[in-house]
Structure formats: C-alpha cells, structure tokens
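Asker: Modelling step: build the complete structure from the supplied sequences, incorporating the hints.
In case you want the letters, here they are:
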Amino acid sequence: GAVVSQHPSWVICKSGTSVKIECRSLDFQATTMFWYRQFPKQSLMLMATSNEGSKATYEQGVEKDKFLINHASLTLSTLTVTSAHPEDSSFYICSARGERGSLHEQYFGPGTRLTVT
Amino acid sequence: KQEVTQIPAALSVPEGENLVLNCSFTDSAIYNLQWFRQDPGKGLTSLLLIQSSQREQTSGRLNASLDKSSGRSTLYIAASQPGDSATYLCAVNTGTASKLTFGTGTRLQVTL
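Residue numbers (the working numbering), protein chains in the order written: chain A, 1 to 117; chain B, 118 to 229.
No lab work stands behind these hints: they were computed from the structure. Accuracy of the hints is not assured; some may be wrong.
Derived pair list, reagent style BS3-like, types lysine-lysine, alpha-carbon separation capped at 27 Å [said to hold, decoys possible]:
1. A:Lys20 / B:Lys118
2. B:Lys216 / A:Lys20
3. A:Lys66 / A:Lys14
4. A:Lys41 / A:Lys55
5. B:Lys118 / A:Lys66
6. A:Lys66 / B:Lys216
7. A:Lys55 / B:Lys118
8. A:Lys64 / B:Lys216
9. B:Lys216 / B:Lys185
10. A:Lys66 / A:Lys20
11. B:Lys185 / A:Lys64
12. A:Lys14 / A:Lys64
Answerer: See below:
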C-alpha cells in the first residue's frame, strides 16, 4: 500500500520548452503533496508544498512562475517547468501525505530525471 | 531553521562488518525522523521511521535510534552485505506543514 507514481521517469527537452511531470497517489488520497529537487551528489531540497484545491506554497528561492504546481485532485499533482534551461536539469521527486500511515508520514515517488539540452 | 547533518559523508567497509551512520539535527522539536536508502539514479526507499516519542526502531539487520534532546539519530547496520551499498539519507519532520528536511547523506560501499 501507499504507492506513489511519477510520470515520466525521465525526459529530455530543448531549452525554452516546458515540461510537465505528474505525481499520483495510486491507493490513497493525498491531501498534501510535496515536490523536491535533487542535484547530482546532493541531497533533496524541498521546492514547494501543495494542498488539494489551493495554491502551492513555495520555498524561499524557488520561482513560482517557473515551477507551476497544480494539485487539482486528491490523487494527482503536476509540476510544470516552464521555459526550461540547462540549469533546470535535475532529479525531481514528489511525495504524498494523506490518510495512509501517520499524519506526518510521506510516501515518495520514484523520481523524474529532467535533462534540458 | 532546521539543519540536518550526516557523518561520515562516505564510508567503505568490507562485507560482514557492522557499521553505524550518524545523523544530527539542530531543532529538537520534531514529529519524527526517517531513514531512507537511495540507489544511484533512483528514488527513495523508506527504511525506518521513528516517532518523536520513540527511542528506536528495528527492521531486520537495521536498527535506528533517536535521542531527540541531543538532536541525534544513528542507523546501525549489522553484518553488512554488498547489496547494502547505496546512499543513506536521514530526514526530520519538524511539523511545520509536515515538511521534511533532509541530511546530506552517507554514501556506503560494502566490498567483497
């Protein structure tokens, strides 16, 4: 139980284009989803927190107009990287929190590797 | 602001050894602490979660302890195997919107 999926698992795009990454909770309803970014050989950094039906809360230094987050349903959140540049190349991981497990337990997706050429 | 540090940053041990990974955090007001494993290029695998009221958790060859007052946790791996080679991350949940703050990670290599 408590499975979180991400799609795509990897994507290559050209500089200036936009890329959408999906995060789905497959067997539970996720009231809150989190988006993280991980650069090579570094740890995970929280980008934003999204609650179903409301605007995302972004961490300091994360451009909300560049990283658009939508959490339209209790099982789906999307992260759109707009006008992507090579420096946006990274590993993006989502997590979900909801009715499964303890109130403060997050379940992680497998990640999406984005490469911007 | 919560800061999480892991020591050592990298560790290489021969197969069969017992080892300890350390995690320290600056703000002791946490809900829980979690240990993860991450293989190269992959996502996170949750290993153990310790609630703030608990002192330790065990799963197979893994044992995690938590000393909240001193801001420390350890992950003990018994009888290490080559398959244990991975990066180990600890993360603390400080309760502010259930945000997780991750440590810097320990890259473990278990050699034959």
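Asker: Against this structure, judge whether each hint is valid.
Answerer: Quick rundown of the hints versus the structure:
1. A:Lys20 / B:Lys118: violated, 31 Å
2. B:Lys216 / A:Lys20: The hint holds at about 23 Å.
3. A:Lys66 / A:Lys14: Answer holds: A:Lys66 to A:Lys14 is near 16 Å, not above 27 Å.
4. A:Lys41 / A:Lys55: violated, 31 Å
5. B:Lys118 / A:Lys66: Measuring from Cα to Cα gives roughly 25 Å; hence the hint holds.
6. A:Lys66 / B:Lys216: holds, 22 Å
7. A:Lys55 / B:Lys118: Holds: A:Lys55 and B:Lys118 sit about 23 Å apart, inside 27 Å.
8. A:Lys64 / B:Lys216: holds, 18 Å
9. B:Lys216 / B:Lys185: Roughly 17 Å between the alpha carbons, so the hint for B:Lys216 and B:Lys185 holds.
10. A:Lys66 / A:Lys20: holds, 12 Å
11. B:Lys185 / A:Lys64: Distance ~34 Å between B:Lys185 and A:Lys64 Cα, so the pair is violated.
12. A:Lys14 / A:Lys64: With Cα atoms ~21 Å apart, A:Lys14 and A:Lys64 stay inside 27 Å; holds.
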